[in-house]
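Those protein sequence lines, which keep their order, are chains Z and U. Just so you know, we're using numbering that gives the first Met the number 0 here: the first sequence kicks off at 0 and counts up by one. Just so you know, we're using numbering that gives the first Met the number 0 here: the second sequence kicks off at 0 and counts up by one.
These aren't lab readings, by the way, just hints derived from the structure by calculation. You may find that some hints are simply not true.
Unchecked claim - Here are the in silico distance ranges between beta carbons for each label pair:
#1 77(U) with 414(Z): 38 to 48 Å
#2 167(Z) with 102(U): 30 to 40 Å
#3 268(U) with 79(Z): 43 to 53 Å
#4 85(Z) with 89(U): 51 to 61 Å
Glycine included, every Cβ here is placed at the ideal spot set by N, Cα and C.
Each chain, written out:
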Amino acid sequence: MEKRRGRKVMKDKEESVDDDPWRWLVHKGIVASFLCIAVFALLVRAAVSLHPYSGAGNPPKYGDFEAQRHWMEITINLPVKEWYRNSTTNDLSYWGLDYPPLTAYQSYIHGLFLRFFHPESVSLFTSRGHESYFGKLLMRWTVLSSDALMFFPAVFYFVIVYYASRPHGQKTDIAWHIAIMLLNPCLMLIDHGHFQYNCISLGLTVGAVAAVLSNKELVACFLFSLALNHKQMSAYFAPAFFSHLFGKCIRRQNPLLEVSKLGLVVLGTFVLVWWPYLHSMEAFLGQIRAPSNQGFLYGLLNSAFSFYIFSFQVHEKSILLPLLPASLLALEEPFLLKWITFYALFSMFPLLCRDELILPYFALSALFILIYHGPSGRQDRRKRLSFNSVVTTLLVLCSVLLHIVYITMQPPNRYPFLFEAVIMFLCFSQFVVLCFYSNAKQWSLKRTIFMDKEKKLL
Amino acid sequence: MGLQGATSTPHLLWFFGIATCVKLLLIPSYHSTDFEVHRNWLALTHSLPLSQWYSDETSPWTLDYPPFFAYFEFFLSIFANLIDPQIVHLKKGLNYSSNTVVSFQRITVILSDLCMLYGVYRLTKDLDSKRRTLIWVLVVWSPMLMIVDHVHFQYNGFLLGFLFISLSYLEEGRDLMGGLFFAVLLCFKHLFAVAAPVYFVYLLRHYCCGGLVRGLRRLLAMGAVVTAVFAVAYAPFVYHGQIQQVLRRMFPFGRGLCHAYWAPNFWVFYIILDKLLAFFLRKFGFATPTPEASFTGGLVGDSSPFSILPQITPVTTFMIVLLALSPCLIKAWREPQPGMVTRWVAYAYTCGFLFGWHVHEKASLHFVIPLATIAVQNMDSARHYYLLSIVSCYSLFPLLFEVREYPIKVLLLLLYSIIMWLVFSAKFTDGEEAKATAPIKKEAGHVAAKKGGFLIRGIEKSYLVGLLVVEIWGQLLHSIFFGERLPFVPLMLISIYCGLGIVYSWIWQLRWIIRSPES
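Chain Z extracted, bound-state conformation:
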């Protein structure tokens, strides 16, 4: 169905096609474009994997890489009940498991893979701080395979569903959107550089979003609950999911049955941190009153932003969470995406410097900018800037200057974290501005959709 509609669209725009440098990429339909971009995205990830990981060569604690390896060691060598218990064989002060059980199961599967090819890397006790060529390779391949099996299909599912409701969408826009989502520099740097498995929880989240957009609520609940059980930070999105689904249920014939169906799906797998929820009350209420797919996506963004800005003990890597809905909304809010990506990257810069990932940082940022500003037959996407360009240029220059200062200069002895503080303050200010903007956008969206619905009822 999609391809026929897409092809009709192509024929209508035949005149502008000849000059379109992307016709070769899109003329065979979404699947072929996705395949091409996906293989390129995998190649870039494989290249980033060549670079150092967090805590490389840094005893006694090393970093996230060692944590993940340790969890594989624990899960394949100890029975399930012991995984979270402090004992002589499982010293919780040395990278104790601090994610929900799905991460543990995933570590178990990956641990089996590592044990098959390189047992010394996951043997109990003796593999602590194990760093070898082959061990690193196998670990990197677990992330690559998780990405390819979880995140990529989820993005594909999302693209199919999202563009099903947009028959007037240009094929090159679809390809651009796929590229933006798959070539997200922050995700690649954190997962394949620093070393983490955000691709799994984010992939499950994207799958849940796509399920919501295609009205498969039970599937959505299931996938999102899985995401929550992989990383509890996925709860940043919970208010948006809850409010949208609840709002939909109320409008059905038998609301109680609908809600209990969803509740049943969710119930055994839910762990929430509720108090930041109060800060996103407006978004929460908004979706209950008038659920819409558009509103849902903005709700995800706002909910994630609120959690990020106000939560306790937030890692800079958590910026990946607001970044995800921003990339899902890339076509509606291209400038928002560019700005948040730029400052998300910048907020992670000190972390990446410590991991010696400066080169991939710059290479992937350049790649993102190139993809974002890719040559296109249509120009109107670029013209949708609605911010004062003097201010934005100034901010960009400041940021670039700060990059250079951070790399080259030493902070004064009295304030050893001065540069980090300045960077974080700048990034924080931009996130707050963007948060206000997206909240305002969601509210104005509510009103227009509400008014349209009222007109329909009349």
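Starting from the structure of chain Z, add chain U where the hints point.
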């Protein structure tokens, strides 16, 4: 046309930008001894006076390229010295491989690719924008250049750039400039001289024509230009009395017929045939001598590495290459068409690759990349290029033998196959509806085989599937069935199988050249 040119040149830079990002990410990947070779050349051109460049033996990686390359390394060494003096220290820099030197050298390769960018731009600037974009995609994103230049480490990009610039001048009809750039190229890397007969015949017939006086005058002009270029390159060494040493370094015929890893050329089949004949003759009771020499080592006195078949010497290979070139030379003599120059030159390098002495598998770059520029001319050329580029790229896989680079080289080849298939489908199935998509398998060759539009024949499809079989055998099945025995078999299989593809390409090119219409 002009307006299209104005809007699409930024596209070329954009494609280059994307490729550059990937190249930057590949900086910490495996690099071969060629890396130390070039670092050593940086050191010796920087630390020693010119008279000792070709006689220094501090390191086993002695200078064996012509003088322009040595001047190029000297130029780079100035910057290397500013960044990290240990790079250019003759003794302390030996096998130096810290982050500074790796990043520095890798970035010089990336920057020198700008020359190739200019070359391909110049070669395509008179084509329509659609064709131009497709050629840029095929050249700038070539996985072979990525593997050889940016991982294994070499400087082929900018040399091919000079070749393209020279070819672009010839196609425009500005033969003097074309000859000039070719002469410059020869003084960078003399391996490109395989195409010299083609250039000679073409320029003689195309440029030095129009009567005896004019022809003679032009011949003198061309001769003067070429001599001037060679003079600039070699004169300082003649002055220092080093010219014999330079030539000895540039032409080390003490090496064997084949490189340690057999390049997939004709001699592979010759060797296999010799071994098979020896095996069968021995079975039937004939006394056959066991050769003392090996194929990859030097010539051991008079003894031949072959049991049955006649010995091959450098002179023999030279004659055979010329023989293979002769149809092309005859065509060029009879009708020197500017439009055919690229094909003739590519054919020349194919012959040199197939029949030459001590050919490296990397030399396939010399003919595959130029063929990319003519691949979009018609369906037949596109099909041929599709097969050839996949086979040549695959034949380069043994260069990256570390496990870490395995996903990278496979993904590079896979991505390029998908891109080529999309590009050629876009070009050759205008207006046709693409057939329904079958489930996609992520394997090279399978992708093209299952879609409609750009079609490749059954035999080519099965050949590409065979590549997959060879790879699975080499990576997996061989160790299961044979364990540690016969360790050379996987590599030999790759050489033989790819050799078939290259021979097919040679025959296809020859047929095309012979059958090309004369106006």
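Here's how the hints hold up against the structure:
1. 77(U) with 414(Z): 38 to 48 Å: 40 Å, holds
2. 167(Z) with 102(U): 30 to 40 Å: The hinted range 30 to 40 Å is violated for residue 167(Z) and residue 102(U), with Cβ atoms some 47 Å apart.
3. 268(U) with 79(Z): 43 to 53 Å: The hinted range 43 to 53 Å is violated for residue 268(U) and residue 79(Z), with Cβ atoms some 60 Å apart.
4. 85(Z) with 89(U): 51 to 61 Å: 59 Å, holds
Consistency note: the structure conflicts with the earlier hints numbered 2, 3.
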